[in-house]
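Peer 1: Respectively, the protein sequence lines represent chains A and B.
Position 356 (the first sequence) corresponds to 356 in this note's numbering; numbering is contiguous.
Position 203 (the second sequence) corresponds to 203 in this note's numbering; numbering is contiguous.
Do not take every clue at face value.
[What the hints assert, rightly or not] Derived lysine-lysine pairs resembling DSS-like cross-links, with alpha carbons at most 27 Å apart:
(1) B:K311 to A:K240
(2) A:K325 to B:K355
(3) B:K202 to B:K411
(4) B:K355 to B:K144
(5) B:K411 to B:K215
(6) B:K127 to B:K88
[Stated by the list, open to error] These stretches of chain A come out as covered by chain B in the derived footprint (C-beta under 8 Å, 3 or more residues):
(7) 401-414
(8) 418-424
Because the hints were derived from the structure by calculation, they are not lab data.
Computed from a predicted model, the values in this text were never measured in an experiment.
No residue lacks a Cβ here, since even glycine has one placed at the ideal position from N, Cα and C.
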Amino acid sequence: MVLVKRRSSVPADLAVVYYRGRAYQVEARWLARRRKVRKTIVYLTLFALAGVMLSPLLYAFISSFRNDPLSWPPTLTSPKLWPPNWVAAWHLGRQGGGNGWTGGWAPGRRVDLVVVFSLTPDAPEPPLPRVRILPPPYESGAPNPAPDTRAEVILLEERVVEGTKELMYQVTLRHQGTIRYPLLPLAVIGPRGSRFVRATLAPDTVSTRISGVYLTWKNIVPGAVRYIFDHYIRAWTTYKGQGGRNLFPKWILNSFVVAVLRVVITVVFTTMAGYALARLRFPGRTLLFFFIIYTMMVPGQVTYISNYLVVRDGVFGLSRLFGLKTFLNTFWALFLPGLVSTTATFMMKQFMESIPREIEEAARIDGANTFQIYTRVILPLSLPAIAAVSILTFQGSWNEFFWPMVVLTEAEKYTLPVGLNFFLHYYTSVTGSVWNMILAGTIISVLPVLLIYVVFQRYFVEGFHLSGIKQ
Amino acid sequence: MRKFLVVFSLIAVAALGVAQETVTIRLAGYSGDTPLMQDVLSRFVNGVIPGVQVVWEPITEDYLAFVLRTLSAGTAPDIIYVDLYWAKTVVETGLIQPLDEFMAASPVISREDLIPVLADAFTFDGKLYAISKDFNSLVIFYNKDMFDAMGVPYPDAGDTWATFLDKIARVSNPPEWYGASINPDAARFLPFAFAAGMPFLKDDGTAPFDLPAAKIAADWYTSFNRAGIAATSADIGVGWPGAAFIAEKAAVCIEGGWLIPPIRNENPTLNFGATFLPTVWQGGPRGNYLFTVGYGMPVNPPSGRPDLVFKVIEVLTSPEVQEYILESGHAIPSRKALLDSPFFQQLDPFALATKTVFEATGLPGTVPFTFGDVGGGNYMGVVNEALTLIMQGEATVDEAMDEAATKLNEKLGL
Numbered sequence: 001m002v003l004v005k006r007r008s009s010v011p012a013d014l015a016v017v018y019y020r021g022r023a024y025q026v027e028a029r030w031l032a033r034r035r036k037v038r039k040t041i042v043y044l045t046l047f048a049l050a051g052v053m054l055s056p057l058l059y060a061f062i063s064s065f066r067n068d069p070l071s072w073p074p075t076l077t078s079p080k081l082w083p084p085n086w087v088a089a090w091h092l093g094r095q096g097g098g099n100g101w102t103g104g105w106a107p108g109r110r111v112d113l114v115v116v117f118s119l120t121p122d123a124p125e126p127p128l129p130r131v132r133i134l135p136p137p138y139e140s141g142a143p144n145p146a147p148d149t150r151a152e153v154i155l156l157e158e159r160v161v162e163g164t165k166e167l168m169y170q171v172t173l174r175h176q177g178t179i180r181y182p183l184l185p186l187a188v189i190g191p192r193g194s195r196f197v198r199a200t201l202a203p204d205t206v207s208t209r210i211s212g213v214y215l216t217w218k219n220i221v222p223g224a225v226r227y228i229f230d231h232y233i234r235a236w237t238t239y240k241g242q243g244g245r246n247l248f249p250k251w252i253l254n255s256f257v258v259a260v261l262r263v264v265i266t267v268v269f270t271t272m273a274g275y276a277l278a279r280l281r282f283p284g285r286t287l288l289f290f291f292i293i294y295t296m297m298v299p300g301q302v303t304y305i306s307n308y309l310v311v312r313d314g315v316f317g318l319s320r321l322f323g324l325k326t327f328l329n330t331f332w333a334l335f336l337p338g339l340v341s342t343t344a345t346f347m348m349k350q351f352m353e354s355i356p357r358e359i360e361e362a363a364r365i366d367g368a369n370t371f372q373i374y375t376r377v378i379l380p381l382s383l384p385a386i387a388a389v390s391i392l393t394f395q396g397s398w399n400e401f402f403w404p405m406v407v408l409t410e411a412e413k414y415t416l417p418v419g420l421n422f423f424l425h426y427y428t429s430v431t432g433s434v435w436n437m438i439l440a441g442t443i444i445s446v447l448p449v450l451l452i453y454v455v456f457q458r459y460f461v462e463g464f465h466l467s468g469i470k471q
Numbered sequence: 001m002r003k004f005l006v007v008f009s010l011i012a013v014a015a016l017g018v019a020q021e022t023v024t025i026r027l028a029g030y031s032g033d034t035p036l037m038q039d040v041l042s043r044f045v046n047g048v049i050p051g052v053q054v055v056w057e058p059i060t061e062d063y064l065a066f067v068l069r070t071l072s073a074g075t076a077p078d079i080i081y082v083d084l085y086w087a088k089t090v091v092e093t094g095l096i097q098p099l100d101e102f103m104a105a106s107p108v109i110s111r112e113d114l115i116p117v118l119a120d121a122f123t124f125d126g127k128l129y130a131i132s133k134d135f136n137s138l139v140i141f142y143n144k145d146m147f148d149a150m151g152v153p154y155p156d157a158g159d160t161w162a163t164f165l166d167k168i169a170r171v172s173n174p175p176e177w178y179g180a181s182i183n184p185d186a187a188r189f190l191p192f193a194f195a196a197g198m199p200f201l202k203d204d205g206t207a208p209f210d211l212p213a214a215k216i217a218a219d220w221y222t223s224f225n226r227a228g229i230a231a232t233s234a235d236i237g238v239g240w241p242g243a244a245f246i247a248e249k250a251a252v253c254i255e256g257g258w259l260i261p262p263i264r265n266e267n268p269t270l271n272f273g274a275t276f277l278p279t280v281w282q283g284g285p286r287g288n289y290l291f292t293v294g295y296g297m298p299v300n301p302p303s304g305r306p307d308l309v310f311k312v313i314e315v316l317t318s319p320e321v322q323e324y325i326l327e328s329g330h331a332i333p334s335r336k337a338l339l340d341s342p343f344f345q346q347l348d349p350f351a352l353a354t355k356t357v358f359e360a361t362g363l364p365g366t367v368p369f370t371f372g373d374v375g376g377g378n379y380m381g382v383v384n385e386a387l388t389l390i391m392q393g394e395a396t397v398d399e400a401m402d403e404a405a406t407k408l409n410e411k412l413g414l
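Just chain A, with the same shape it has in the complex:
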């Protein structure tokens, strides 16, 4: 860096910078480089910050592919994310079910699997590994393939590598029945005192037990898709409602229907209320507005019990018109309390007040009545506010947990967050915590909102801006 005293004329390769009220001439190249460095630092910092903010989601995403998401120390790798395993899963799936993507265990098929164990060179000749066909998980409802499956083990090769004896075995499984099975869970128990080296497909669990090295595969004929997305597929299909329908897609649908309906209802009511409060003159207008503001100050928890009782009694018997004794355990219970959002009304009012009165007056001169002004003039002009309110309402409804959990009791009617909570408890009590599946479910539930964020991010910012308006 060269600081040069000011000269009368500045050559092309020099630039002038001002520092503490005095002008200096510096080399233009140096200045440009300094700007670049500064920019880079800023961007790197922003990237790092974004990385920190996103890391829980990213970690959850990676963990949703891991077989043991609670293993300590935590790792960022998983056999399911390792491409050679994808290829192996594809081959095994094709051998077992004739389909490299979804696999299966079809009649007349044969699967070959190579497993390598190591022993100390002076160890005596070990017995052959034992092979067991495991029962599929109870909640999968899949039939047990054990009676139709015959297993055979042969020693392929024995060699000494770096001071240890490596024994390569081939496990051959033959389907001798007539039914096609979706899953073929397998355990191979290596000889006592041996160590597991590698296998055609990385096992899902490897544990050293007293009886030997215990390798298990949840499905030895998975196919590539079933292998990689196993936890996602199970989260999607495992939990069935009455009649055997998958509940997870039902929950997504429920959440979606509820969220969209709430958006529509909110937009209709809040734009009308906002318009009335912003532009119409009627007695008690200020009082009404203060009343609305006042309800915003009552914390939601205070009204839970009274809301619950009102919904229980079907809003003073109104539910009997629909043949329901109570609104509990129906979607009505999700809409009715908070039918009109005060926050959204407030946002709408503030926005509509900013629309120039002259436009409205022009419409009035052209002969429009108040309702026409509302539909033809105010609504189109309020689109940014409507977009913002819609997105915030959608997001709020999608993520709402406590109230739906209290009023919805039947699993078929759950919304996604309540469903995920059910998932957590269901798996904790059935098989111990299956965090990878819970995480898979969580990732699926995040996707729609994430998508909406990406597409409408501009309006989100606007929404926050609007909700921060102060008169």
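Given chain A, put chain B in place with the hints provided.
Peer 2: Using the frame of chain A, we list chain B on its own:
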């Protein structure tokens, strides 16, 4: 507007019509029971009992909180689970009804069909408030491979506290595996204390933990961990002692029938056995806890048809359904007749363990897992604290148990 009204009333009429054809009965239970209960409902109830549609509602929150909340709000389901542990609390609200009248009128089920201790457990003031759906008690689960490897005989029904301790000491092989996984858990410790002669409360109503019997039992129960031949589940790095057993990190654990489904799921080739808890001395007393959950009915079931509700309970506790549940290996049913079930004649370790749990319930010394007016939280809380202190070596048995007695007395206001 008129068109709207017509459509509206049509919908209302249609809804009423559908509602009158079949009675919907709500059954709420633990969410973990979901696959089993859905299976049972679709096999034995829905479409089988005419005019009845039972809807399963899995509860993920604390079940007692759910029951008390919905009972007091009048929104309780038609059939609720009643856990013996808190049955008294719920019965005292007066919001669930006794089932004696229904039972007297029923041709299918009578009090005599139920295992007496289970029927007695749910009887308050001479009235039966719930019909036990299944039950459990504690047994010793042991890993046969580990005992074989160390050349130690398996734990058996003839074990005393001393021989059991000796076997655990000999089978322990850390860091590969511990002799046992034992937690500072009152629900495991108290049966031993009762066997040693500790009463639930002293005659004057004060805490019994400072009695010699309690201290002897606490000394024995904690000696495993203090000697390093047993470890808590946390030390082994798992959530509960059963998980340590399944992962083959502990040769022995003290659990109930609920351990069987996880073994089947997670380590189906585990070579294990089960036997009764050891006696205090040769031929001496043996304690145990009886855990049970029953079906109960609120005073005004929302379906408005208590007769049909009882009919569903009847079917759910019928021999066919109980046999089915037994064979699924998920729970141990409550009918006497099932002890003769062919299921129990099988030799696979799961059936044998189930049979051991079934038999353990009938042994003298088994007491219901319930704490009356004292409150399980109070009673077990102080014991858990004391056991933790002793196991961690922060207090002697005498200090910790005296302290536990003082604390419980304070909580009882004595």
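Peer 1: Please go over all the hints and tell whether each is borne out by the structure.
Peer 2: Verification of the supplied hints:
Simply put, K311 of chain B and K240 of chain A have alpha-carbon atoms about 26 Å apart, close enough for the 27 Å limit, and the pair holds. The hinted pair formed by K325 of chain A and K355 of chain B fails the criterion: a straight-line CA distance of about 46 Å is larger than 27 Å. Between K202 of chain B and K411 of chain B the alpha-carbon distance is near 15 Å, which keeps this suggested pair within the 27 Å criterion. Straight-line distance between C-alpha atoms of K355 of chain B and K144 of chain B comes to about 18 Å, which keeps the hinted pair within the 27 Å bound.
Between K411 of chain B and K215 of chain B the alpha-carbon distance is near 21 Å, which keeps this suggested pair within the 27 Å criterion. Only pairs whose Cα atoms come within 27 Å are accepted, and K127 of chain B paired with K88 of chain B is accepted, the gap being roughly 12 Å. Coverage of a stretch by a chain is defined here by at least three residues with a beta carbon nearer than 8 Å to that chain's beta carbons; for the region 401-414 of chain A and chain B the count is 4, and the condition holds. With a threshold of 8 Å between beta carbons, the proposed coverage of the region 418-424 of chain A by chain B holds, since 3 of its residues qualify and at least three are required.
Hint violations for this structure: number 2 only, all remaining hints satisfied.
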